[in-house]
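Trainee: Listed below are the residues making up each chain.
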Amino acid sequence: MSGLMTILIALAVIAALGYAFRLAGQKLTNNAPMFRDMPYAVAFGYMLGLAVILWAVWTYIKAQFLLPEAEANKYFYFVVAIHAFIIFSVAAWVFRVFGRAVGTAGTRKLFRQMPLTASFGVLVILVYAILAIFAGVLAPHGQEEVFAQANVVPGGNPALGGDPAFPLGTDQIGRDILSRLIYGAQNTVGIAFVTTLIAFFVGGSLGFLAATLRGWLDQFLSRTVDVLMAIPALIFALLLITVASAWVTGWGLTVAMVLIMALIDSTRVFRLARAVGMNIVVMDYIEAAKLRGENLSYIVFREILPNATAPLLAEFGLRFCFVFLTISSLSFLGVGIQPPLADWGTMVKDMSSFINYAAFAPQVSAAPLLAASAIALLTVAVNFVVDWMLHRSSGLKE
Amino acid sequence: MSNDAFKDAETLVEMKGIWMEGRSDEDWHPIINGVDLTLRKGEVLGLIGESGAGKSTLGLASMGFCRDGVRISKGSVMFDGIDLLAASSEEKRQLLGKRIAYVAQSAAASFNPAHRLIDQHTEAPIQHGVMSKDESEADGMELYRKLRLPNPDEIGFRYPHQVSGGQLQRAMTAMAMACRPDLIIFDEPTTALDVTTQIEVLASIREIVEEFDTAAIYITHDLAVVAQMADTIKVLLKGDEVEEAETREMLSHPTQDYTKSLWAVREFQRPQKPAVITGSTPVISVKNVTAAYGKIDVLHDVSFDIHEGRTVAVVGESGSGKSTTARCITGLLPPRIGSIELDGNPLPLDYRKRDRSQLQKIQMIYQMADTALNPRQTVGDIIGRPVEFYTGLTGKARRKRVEELMDQIELPASQFIDRLPSEMSGGQKQRVGIARSLAAEPEFIICDEVTSALDQLVAEGILRLLADLQDKLNLSYMFITHDLATVKSIADEVVVMKDGDVIEQGPKTEMFTPPHHAYTDLLLSSVPEMDPDWLTNLLKERGVDNIGDAAVGKIT
Numbered sequence: 017m018s019g020l021m022t023i024l025i026a027l028a029v030i031a032a033l034g035y036a037f038r039l040a041g042q043k044l045t046n047n048a049p050m051f052r053d054m055p056y057a058v059a060f061g062y063m064l065g066l067a068v069i070l071w072a073v074w075t076y077i078k079a080q081f082l083l084p085e086a087e088a089n090k091y092f093y094f095v096v097a098i099h100a101f102i103i104f105s106v107a108a109w110v111f112r113v114f115g116r117a118v119g120t121a122g123t124r125k126l127f128r129q130m131p132l133t134a135s136f137g138v139l140v141i142l143v144y145a146i147l148a149i150f151a152g153v154l155a156p157h158g159q160e161e162v163f164a165q166a167n168v169v170p171g172g173n174p175a176l177g178g179d180p181a182f183p184l185g186t187d188q189i190g191r192d193i194l195s196r197l198i199y200g201a202q203n204t205v206g207i208a209f210v211t212t213l214i215a216f217f218v219g220g221s222l223g224f225l226a227a228t229l230r231g232w233l234d235q236f237l238s239r240t241v242d243v244l245m246a247i248p249a250l251i252f253a254l255l256l257i258t259v260a261s262a263w264v265t266g267w268g269l270t271v272a273m274v275l276i277m278a279l280i281d282s283t284r285v286f287r288l289a290r291a292v293g294m295n296i297v298v299m300d301y302i303e304a305a306k307l308r309g310e311n312l313s314y315i316v317f318r319e320i321l322p323n324a325t326a327p328l329l330a331e332f333g334l335r336f337c338f339v340f341l342t343i344s345s346l347s348f349l350g351v352g353i354q355p356p357l358a359d360w361g362t363m364v365k366d367m368s369s370f371i372n373y374a375a376f377a378p379q380v381s382a383a384p385l386l387a388a389s390a391i392a393l394l395t396v397a398v399n400f401v402v403d404w405m406l407h408r409s410s411g412l413k414e
Numbered sequence: 036m037s038n039d040a041f042k043d044a045e046t047l048v049e050m051k052g053i054w055m056e057g058r059s060d061e062d063w064h065p066i067i068n069g070v071d072l073t074l075r076k077g078e079v080l081g082l083i084g085e086s087g088a089g090k091s092t093l094g095l096a097s098m099g100f101c102r103d104g105v106r107i108s109k110g111s112v113m114f115d116g117i118d119l120l121a122a123s124s125e126e127k128r129q130l131l132g133k134r135i136a137y138v139a140q141s142a143a144a145s146f147n148p149a150h151r152l153i154d155q156h157t158e159a160p161i162q163h164g165v166m167s168k169d170e171s172e173a174d175g176m177e178l179y180r181k182l183r184l185p186n187p188d189e190i191g192f193r194y195p196h197q198v199s200g201g202q203l204q205r206a207m208t209a210m211a212m213a214c215r216p217d218l219i220i221f222d223e224p225t226t227a228l229d230v231t232t233q234i235e236v237l238a239s240i241r242e243i244v245e246e247f248d249t250a251a252i253y254i255t256h257d258l259a260v261v262a263q264m265a266d267t268i269k270v271l272l273k274g275d276e277v278e279e280a281e282t283r284e285m286l287s288h289p290t291q292d293y294t295k296s297l298w299a300v301r302e303f304q305r306p307q308k309p310a311v312i313t314g315s316t317p318v319i320s321v322k323n324v325t326a327a328y329g330k331i332d333v334l335h336d337v338s339f340d341i342h343e344g345r346t347v348a349v350v351g352e353s354g355s356g357k358s359t360t361a362r363c364i365t366g367l368l369p370p371r372i373g374s375i376e377l378d379g380n381p382l383p384l385d386y387r388k389r390d391r392s393q394l395q396k397i398q399m400i401y402q403m404a405d406t407a408l409n410p411r412q413t414v415g416d417i418i419g420r421p422v423e424f425y426t427g428l429t430g431k432a433r434r435k436r437v438e439e440l441m442d443q444i445e446l447p448a449s450q451f452i453d454r455l456p457s458e459m460s461g462g463q464k465q466r467v468g469i470a471r472s473l474a475a476e477p478e479f480i481i482c483d484e485v486t487s488a489l490d491q492l493v494a495e496g497i498l499r500l501l502a503d504l505q506d507k508l509n510l511s512y513m514f515i516t517h518d519l520a521t522v523k524s525i526a527d528e529v530v531v532m533k534d535g536d537v538i539e540q541g542p543k544t545e546m547f548t549p550p551h552h553a554y555t556d557l558l559l560s561s562v563p564e565m566d567p568d569w570l571t572n573l574l575k576e577r578g579v580d581n582i583g584d585a586a587v588g589k590i591t
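Protein chains in written order, with this note's numbering: chain A, 17 to 414; chain B, 36 to 591.
No wet-lab data here; the hints were simulated from the structure.
Do not take every clue at face value.
Unchecked claim - Straight-line C-alpha distance at most 27 Å; calculated DSSO-like pairs for lysine-lysine:
| hint | chain 1 | residue 1 | chain 2 | residue 2 |
| --- | --- | --- | --- | --- |
| 1 | B | Lys127 | B | Lys51 |
| 2 | A | Lys306 | B | Lys431 |
| 3 | B | Lys308 | A | Lys306 |
| 4 | B | Lys435 | A | Lys306 |
Whole structure, please, built from the sequences with the hints as guidance.
Mentor: This is how it looks when you write it as structure tokens:
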């Protein structure tokens, strides 16, 4: 009850401050348009934001410098989050400054117009791509290598059960988590990428075909897609993979999973490609091409496709995230990427019991969250980039 | 209605030294360069100029409003003693909709399709506390009656899609009048309408503006329209003011060269070609064509011939079946009954069954160059593709041919060959569309409203180009248009269509001399003329109920 009262009182104080802030702004700046036309809600928002920032700074100082260690542990993840936020912002900013100075005129212009979120997204995607491609070189150990030291705590601090040889610790059977994270980038992201590509190839070509030809083919494809989409994706995937596992094992199962995921996701791509294609097909230049006597492949690939790249590319980014999350979920459920291949979803599942330590030994509970945050980071990064691309293609200026 | 009548009237809007800029990519580009504008109470000011001259931008600025990515960098806007640029958004909110109203070009796109007309009409008066809902509804019906909308008591309860374009435009004018504003800005309110519909809208706008003594800024690129509406005309060119004068003065004694050239546009006229030798085979012959969309016939027994080197203009309003006829000729819509002959030989009705040489001989130029050119292909590719496709030329030979073609359309190849359509003006795009059809080396070209999306000066250039090409290459044109001025300038023969029937056809000179068919007469009389008294005289002569759609309904 007192908690609720505190919040209410704090809100009341913020509300009063918001009013005072706007009034003071109007008086001090002699009615500058910004303060004069400021709705009260905006003023309130400013003060609320300020209050949150003050609270965050205070909590951070308390946790870092004032409280005894046992107490400070409560705020362990809060401190980590603040650190990550600052590091990422600075990295994104530096990356953008770098991009503005180096490269061709075209890329420099791109970086000049880029918001910080997008440059963060591009940076993260680049880092992931490099890690995935050069995993064999960059990872300190193999993904299947088992060491004697099992359950080493992340952080590399011997006092807390860490080991400098394994900066991010080891799992229950003694595999190096850092190496497995890096190989996981290769496996999870690589497989998701291939799956998305297949989904786009199949869904995209069928979608354009349906949009161009219409008639019974369109009806047949669209209704089939409707049926497939009516079944919940994850359950459908589970079902099909279970069926597939009757025939294939090991690597074959991974291939089967890629194809199954691609099939399920191609239905979504089909819908988009058909809708975008329909808008393009009615254009006069398509009619001109038809009247010229051009064949179907010219019309689809030379006339329609170039005009559909912007929405398809944006969808590619989002679809990639979904595929990648679904693969992680499947791995978490035990039917996705099979051991000994490292995979983020499996890693979260294997170490999930450590989460229980969060209250008193946060460093120990970090082990499963490392893989989870690798997933989260990539998803956020891709979404930032996609947002920016959509914003650009929509032609909004403000 | 001379300018002197307003000398004593109070100044309503005063814009001084307005400089405006628009943002593209990373830079600010000038749109308006130091224009002054003064509008007195009850005065109608016509703003004319080509597209891109900054008419609409200036019109919106007089409300203290800028579109996204546009800013007023210098100058002041005073509305009845209120400085609109310094006013708070609260003050502006009190003015806009109540004392200043705006009528957009496309009423169809500006009405919210999810609400009934009357609900949208009453919104402003209720929000501004001018009237209650009941009062405002009653007033709306009264306005509908004044604007001569059919069923004024009921039409408000319809949704926008249930009402025709011209009616919607009048409903929008009524909506702008809802709070009896001091100033209305009309942004090309009749540009998208047919001539017979336009005249109705013009008559009602003029009447209602006069009745309530409202000041108005009337933005248009059509000189004849502005001559009917405005007391004063201001001519803009690329953001600069060319001249401003009282309407009659401006029409009779334009001082600037640019204004004179605008006035001269309508004078382009080709001599009528001699009559076709009887018995010669026409290039295209449309024989008793009846065509249907689904089960409903939209063309009824249409027949006409197009001879070598001649231009046949097909005239009619939207929905008259002009474009459908073109679709039958190209084979996109196989006719239900009848046939199409090319050089005396019947063509397969469906374009998919025609062979390459048959497709090659019939080419098309489209109305909207924006949608007719693939935005992702360069000019070289757009023109080069038919060259390669029909003649088999590749590499250097293809490029040489493309350069020849670009020479013919008067676009320097060195400058334009690698450009994308988005990097060209409307007239240049239309020229590329012409080159693409020429690339096939056709005998016959269908020109579907090729000039109606263009400014008058640019349109005249395109017409001259088409005429030259016809003389050089001995082409035949089917010229689809609703603009009779275009017909006058370029056609040899005229076909008038209405509701899918051919009403009248014959040589141009015959068509433009009476006696006409009643419908042809209506079309001809609805074309605005440069004479500022034209509308007044026409209304006197015919009466308000015998113009526009009302009159079309009476012709059976």
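Trainee: Hints broken by the structure, by number, lowest first?
Mentor: 3
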